[in-house]
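With chain A held as given, fit chain B onto it using these hints.
Top to bottom, those sequences are chains A and B. First residue of the first sequence: -15, per our numbering; consecutive thereafter. First residue of the second sequence: 9, per our numbering; consecutive thereafter.
In case anyone wonders, no lab produced these hints; they're calculated from the structure. Just so you know, even glycine gets a beta-carbon here, dropped at the ideal spot from N, CA and C. Treat the hints loosely; a few may be bogus.
[As the list claims (entries may be wrong)] Beta-carbon label-pair distances, calculated as ranges:
#	chain 1	residue 1	chain 2	residue 2	range
1	A	ALA461	B	ALA533	53 to 59 Å
2	B	SER209	A	ASP80	33 to 39 Å
3	B	SER204	A	THR130	54 to 60 Å
4	B	GLN167	A	ARG383	15 to 21 Å
5	B	SER204	A	VAL396	42 to 48 Å
6	B	VAL585	A	ILE298	28 to 34 Å
7	B	SER68	A	THR226	34 to 40 Å
8	A	THR231	B	GLY215	41 to 47 Å
9	B	ARG580	A	LYS225	53 to 59 Å
10	B	PHE17	A	ILE298	49 to 55 Å
11	A	ALA385	B	HIS459	50 to 56 Å
[Unchecked claim] Here are the simulated DSBU-like cross-link-like pairs (lysine-lysine), alpha carbons at most 35 Å apart as the crow flies:
#	chain 1	residue 1	chain 2	residue 2
12	B	LYS583	B	LYS382
13	A	LYS455	B	LYS35
14	B	LYS583	A	LYS455
15	A	LYS455	B	LYS166
16	B	LYS426	B	LYS166
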Amino acid sequence: MSGHEHATVEPQNDLSYPILAALLALPVGAVAMFIGHQYAGLISYPMLSTLIFLPIFGAVAIMLLPKCKTGLMRWSALCVSTATFILSLPLFTHFDRSTAAMQFIERTDWIHAWRIQYYLGIDGISVLFVLLSTLLTILCVMVSWTAITDKVKEFYAALLLIEGSMIGVFCSLDLFLFYIFWEAMLIPMYILIGVWGGPNRIYAAIKFFLFTLVGSLLMLVGILVLFFATGRSFDILVMMKTNYPLTMQIWLFWAFFAAFAVKVPMFPVHTWLPDAHTEAPTAGSVILAGILIKMGAYGFLRLNMPLFPEATKILAPFMLALSVIAIIYGAVICLAQTDLKRLIAYSSVSHMGFVTLGIFALNTQGVQGGILQMVNHGIVTGALFLCIGMIYERTHTRRIADYGGAATLFPVFATFFMVFTLASIGLPGTNGFVGEFLILVGGFKASVLAGALGATGIIIGAAYMLWLYQKVFFVDANPGLVGHGSDLNVREVLTLIPLLILVFWIGCYPNPFLGMMDASVQQLLERIASAGQPPVSQTALEVLK
Amino acid sequence: MKYAMLIPFLPLAAFLINILFGRFLLKDRAHIVAIAGVFASFVLSVAVFIQVAGGATMNSDLYSWISSGGFRVSVGFLIDPLTAVMLIVVTTVSLLVHIYSIGYMHGDPGYYRFFSYLSLFTFSMLMLVTGNNLLQLYFGWEAVGLCSYFLIGYWYQKQSAADAGKKAFIVNRFGDFGFGLGVILVFLVVGSIQYSDIFASVGSLQGKTFPLFGYEVDLITLIALLLFCGAVGKSAQLPLHVWLPDAMEGPTPVSALIHAATMVTAGVFLVARFNPLFSLSPTAMAVVAITGAATSLFAATIALVQNDIKRIIAYSTCSQLGYMFLACGVGAFGAGIFHLYTHAFFKALLFLGAGSVMHAMAGELDIQKMGGLKKHMPVTYWTFLLASLSIAGIPGLAGFFSKDEILWMAYNGGMIGKIVWVVATIVAGLTAFYSFRIIFLAFHGSFRGTHEQEHHLHESPSVMTVPLAILAVGAVGAGWIGIPQALGGGNWIAHFFEPVLGHPHVHGTHAEEYMVMGISILAAALGIGTASYFYVMSPDMPKRLTERYKQIHTVLWNKYFVDELYDAIIVRPTKWVASTILVGFTDAKIIEGIVNGVPSLIQSFGMKLRKLQTGYLQHYGIVLIFGLFVLISIAFIAGTKTH
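Looking at chain A on its own, in the form it has when it is part of the complex:
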């Protein structure tokens, strides 16, 4: 928002005024609708569709703007994403925490012959991710403000398209619709990495695309099999009540696993992530770390576990083992990284290992911890990538060895980075602790070995994050760093503050968030527990008695 930026925003012909006015009307209108919701309860509209299509229409509108109006494009993207965020807030305030049923449902026939429905709804498992998506998109728009100067129009259009399709994935209750959004998300993301990425972007983008595509194709086969096995229906809620034969469950579990494990990413299909993260522009990394890789774990929770409960129970020990390997492998490999973004990318592998450990512990603390940790990881790793993007804009290097003494040069930046580092290593009082602790409680319950091995990730986590912090911020300033701009500006501070607040909010008072997922998690676990066969893993308590 420097003077230079202001100049480009300056309306240059008469048409710009009405456009700007209309843009500003968006967030204002959104606030009005939110207030109407909140206090009068008067307004009723298809809320989830609005969240999905507002960004998509926004993207189309930005594409129609004249090429020279880059300032207007940025403001449009900001207004659209802010309006979407405000309109998503009723999901938090009006969410009924007492029920596991789907809420904010919208349902119409779409392709009648194929019984494909346009069927949207959210429950305690998906609601937090919708909120996280709408929040992170605003921050992505803000952090790209001066970083993206090339093909600005296409950039913001792609970003908003990703937002719309991500929200679509979290809201879909029809498997076909789910798949469409799932694939739709892939293309703008591929473009984001391939067009605005680093020097090696093409390789990274293709690798990302191929890995994800191969996984998705197996899922597509699975979806079709399910369609016929469910009596020609794509309705996820119907599938959740159907009991498939065990052999089929196991085959389908693997088919869906292929798609989701790549996305998480689980060991050993994680190698696309470091490349994609390292080459992606900041906004791409944030979306990738914040939301996109959550879709894998979300897929396990939404499809694998409720649809194939028996298979889940049988395969859980295998999943626990993969999770523990990911935790330790991802953490140890961080110790040898020389690139800022690559290190954070590998730390994501380790943190997502925690998430899957919690989920496949198949008990309340594990699953709730896993879901909360997904949100936490989105906040914290998203924030770390935002931070790295901000410093990269000043220094144009990602090599850790090029840094040093940044705490003296950028004290405010150092403070923010410290908070997010601490959240990443799970210090009590930050959000990371609540998630990790619940996961370890759950993991320990499911398997003493898995819990104990998983906990070693906490030691190594502290080692690599503090090593990174020391290399970048402490000791004497690297001469090459001096003179590379000043500390964070107001826009950058505003970008980080929402995440900072969330770090401490969830760290000190996580109950509003845990409470939202309570009923849905209980229902999911009951579904798994009641699916034939004795449980694979006994709790420590039962063993004692």
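Okay, now just chain B, sitting in the frame of chain A:
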């Protein structure tokens, strides 16, 4: 007594004010806010102590922190005699260190930062001691570790300071790994992590076992030892003691507050708090006693030969903490906490005295380069001397009563007790020796530093000497609340602790108690006497001894090579695995190879896809629509085939 909940939050408020406004607004006035916060906490702590002395206790929750299924934990506070004493120790030393720091840190560019960290530390430590459940304890535990990290690395431009802070944090994480698993295990077997619930059900856990990797392990012993892992890390006991000497990189007031008087005693507090659990497991008790005794001897021997004044005191701290643990290990939890309380005064005094010396000597730490400081800085000298006499265990001073109580309890503690008693008595002699080595080398004789240093020598300002004097009063008189019956006292403190910490049954007679006392006094006198012989009467004696026993000296001088050992067996192998095996081989060759199939395949794929990558959004749109068409076609074909 609800006001007790305010005690931790006042320093937190001071922290928030300083961290937000210190940089631009408060600057060199940052201490006003910090001191106001800790002073208010101190006043409230005294009020709480008086009420608790009158028999009141409190256990109440503030709000529900985490609630997930059956796992419920609140932010809640427990005030009992143990907490009350810890509150007094923490707020008193913290207040005095705050005041001292006005002088010591004067003119430092990070003045506001220093005081905000001190406030944050005080908050964390108070949360640690007042919590009514394990998770809040864990919160405080990690938070004090964080503040310690910040303050050790306070001068972060220095490589050694940054390294030391990181080392402290990571070494502590090793201990916390066990501690964390202990907390989880407690939850799994008790169903709650509230102290009151745990202590109510420990009895029913007796004799139960836990299946651990195919072995049936005694449950109580397992829990106790896991929790003790945390204590070993935080209280710098063997084998996790390596971080404490390096922690001396921090400003000296920090060494006094965090690395001597308060934070490092958290481990002892933990063991004492869980005395109902520990005392049910003889194995765990033996481990505690032996770890404590071994550390106290180990650290004391290292302290004999070091020249860095702060490191000597740091090893002394390790050693004294070992003393507290061996007390707990023989069942004398009250005696351990009593020593924690007296130790806080004389050890904080020793560190602040050392800081005063450094202030006069422009940061010099080597006692070989000091000498004759007595006449230049009388207040520092006399207070330092009192602290040394106290730690040496000279009758009448604070250290004597608490040390004597521990020795007496150990003497009565059966077989293991007798062994640790012998060790502890030897350590008492060594302690007297190295303490007076500092006195004689630094304060007596003639000055051995540079001419500029000599010119600069001066007594510290009164903002620093007054806290020294107040602590000296504590170093002398703090023990008078625990004068044993054998000496005609009422041993008030033991009775005060009895409801929480119990009081072991003592078989010994008064005659035996006099004997134990006599031997410890003799050991102290011997230590002081040897020190004066070595460093006053025949100053070339140490050199001759060093030459004669060169190997022993080398081992002690290099702290038994523990750092080098850890570097060789943990640090370097881990780094090697990370860089050579994982990055260079597993990730790059094996996984990439298998997952990508034939790597050349992806290459050719890439070349083809590269042509598709035009950068025009319209093209991608077409591809997207085409993809959807293909997808629907597949669905259609698959559908017709089955029907």
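Inset, instruction - Please name the hints from earlier in the document that this structure breaks, with their numbers sorted from lowest to highest. - result: The structure breaks hints 7, 11, 12, 16; every other hint is satisfied.
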